[in-house]
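Based on these hints, arrange chain B on the given structure of chain A.
Line by line, the protein sequences give chains A and B. Using the working numbering, the first residue of the first sequence is number 1, and each one after it goes up by one. Using the working numbering, the first residue of the second sequence is number 1001, and each one after it goes up by one.
No wet-lab data here; the hints were simulated from the structure. Glycine is no exception: its CB is placed at the ideal position from the N, C-alpha and C atoms. Take these hints with a grain of salt, some might be off.
[Said to hold, decoys possible] Below, a list of computed lysine to any residue pairs in the SDA-like style, where the Cα atoms sit at most 25 Å apart: (1) A/K65 with B/Q1044; (2) A/K77 with B/T1054; (3) A/K65 with B/I1051; (4) A/K77 with B/A1049; (5) A/K77 with B/R1053; (6) A/K65 with B/T1054; (7) A/K65 with B/R1053; (8) A/K141 with B/L1041; (9) A/K17 with B/T1052; (10) A/K17 with B/N1084; (11) A/K65 with B/A1088; (12) A/K77 with B/T1050; (13) A/K65 with B/F1078; (14) A/K65 with B/T1050; (15) A/K17 with B/A1088; (16) A/K65 with B/N1080; (17) A/K17 with B/I1075; (18) A/K65 with B/A1037; (19) A/K17 with A/S36; (20) A/K65 with B/L1055; (21) A/K65 with B/L1038; (22) A/K65 with B/V1057; (23) A/K65 with B/M1061; (24) A/K65 with B/A1047; (25) A/K17 with B/F1078; (26) A/K65 with B/P1081; (27) A/K17 with B/N1080.
[Stated by the list, open to error] Computed far set for chain A versus chain B, every beta-carbon distance over 10 Å: (28) L3; (29) T25; (30) T40; (31) Q53; (32) A90; (33) L197.
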Amino acid sequence: MHLSPDEIIFWQYGLVKLNATILYTWGLMCVLVIGSILVTRNLSMEIERTRWQNLLEIIVSGIEKQIEEVGLRQPRKYIGFLGTLFLFVATASLFTIVPGYEPPTGSLSTTAALAFCVFVAIPLFGIEASGLGEYLGDYLKPTFIMLPFNIISEFSRTLALAVRLFGNMMSGTMILAILLTITPYLLPIAMSVLGLLTGMVQAYIFSILATVYIAAATRTSKPDLASDATHAK
Amino acid sequence: MDSMTIIAVASIISAGLTIAVGSIGPALGEGRALATALTSLAQQPDASATITRTLFVGLAMVESIAIYCFVVSMILIFANPFWNHVIAQAAGK
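Just chain A, with the same shape it has in the complex (with noise of 0.2 Å):
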């Protein structure tokens, strides 16, 4: 029974090792990429279009409209860093209906790298929303006295997203497994399906937090007058 699948290796060489983890996480990166490139070959702009068409108009535009609702103003800017986020760690669990699949993000380090991603990206997009200078002076906001609290508090915020993600996703197999000795019929087909709807849960969470956190650091206190003007109509 192992930990994670960082520890079943098809192949090493020396340093170098293919590990269950870059295989599926490579798998799962050809079939999304792969997948979208045939859906969106034709598209069309008619009401006849192809089912995987509006799956996906309807998979951009949820995603579109959740970012639009935690207030993130011009949503098509961050989609592309959110959406993959979502759909990544979404397809990552959905999978394990596939035999002998298992997740990659119940592995630390795939979690830890995806945290890694969103801990770079809020300042980027903090930066590129509202300058050096004022992004800096954030962190002194109520009082400068906050401003260890505020450093440790970034720390923690991406810690706690690897770990929630892995520790999840985690669970969910290693129940599968010990339930698999012990009682093999019926058990643990329940098990697994209460392991896809926790998978689906936390890439929900996953991608929030990160538009949530997004969002703090990209409010500025000037109003944004042409999308209240939009919101409006």
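Showing chain B alone in chain A's frame:
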């Protein structure tokens, strides 16, 4: 009792206690959060999207405490560094 036995006993008892005590708090907290969310949904069904989203985000933050306890307990059982060190010493002898 030699050190191997002490480490094993301490790890097993700690793992059990960690997850047992560590899931009481989050469970109570999530129950309270859910009850309040249901009350406010009954009072203002129009805001159900916002309330539901905030509920899920809040539940995830509370749940992560239980997840930390679970991860510690799993590490104690499956990836225990003290146990590995003692086993390596015993194997080396």
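Each hint, compared with the structure:
1. A/K65 with B/Q1044: Roughly 21 Å between the alpha carbons, so the hint for A/K65 and B/Q1044 holds.
2. A/K77 with B/T1054: 23 Å, holds
3. A/K65 with B/I1051: 16 Å, holds
4. A/K77 with B/A1049: Roughly 23 Å separates the two Cα atoms, so the pair holds.
5. A/K77 with B/R1053: 22 Å, holds
6. A/K65 with B/T1054: 15 Å, holds
7. A/K65 with B/R1053: 13 Å, holds
8. A/K141 with B/L1041: Measuring from Cα to Cα gives roughly 34 Å; hence the hint is violated.
9. A/K17 with B/T1052: Distance of about 43 Å is beyond 25 Å: violated.
10. A/K17 with B/N1084: 22 Å, holds
11. A/K65 with B/A1088: Roughly 55 Å between the alpha carbons, so the hint for A/K65 and B/A1088 is violated.
12. A/K77 with B/T1050: 23 Å, holds
13. A/K65 with B/F1078: 42 Å, violated
14. A/K65 with B/T1050: 12 Å, holds
15. A/K17 with B/A1088: 24 Å, holds
16. A/K65 with B/N1080: Violated: A/K65 and B/N1080 sit about 45 Å apart, past 25 Å.
17. A/K17 with B/I1075: 23 Å, holds
18. A/K65 with B/A1037: Satisfied, since the Cα-Cα distance of roughly 22 Å is no more than 25 Å.
19. A/K17 with A/S36: With a Cα-Cα distance of about 29 Å, the restraint between A/K17 and A/S36 is violated, given a limit of 25 Å.
20. A/K65 with B/L1055: 18 Å, holds
21. A/K65 with B/L1038: Measuring from Cα to Cα gives roughly 24 Å; hence the hint holds.
22. A/K65 with B/V1057: Distance of about 17 Å is within 25 Å: holds.
23. A/K65 with B/M1061: 23 Å, holds
24. A/K65 with B/A1047: Holds, at roughly 15 Å.
25. A/K17 with B/F1078: Holds, at about 22 Å.
26. A/K65 with B/P1081: 46 Å, violated
27. A/K17 with B/N1080: 23 Å, holds
28. L3: 5 Å, violated
29. T25: 21 Å, holds
30. T40: Given that every Cβ of chain B is farther than 10 Å from that of A/T40, nearest at about 29 Å, it holds.
31. Q53: 26 Å, holds
32. A90: 14 Å, holds
33. L197: 12 Å, holds
In this structure, the hints that do not hold are numbers 8, 9, 11, 13, 16, 19, 26, 28, in rising order.
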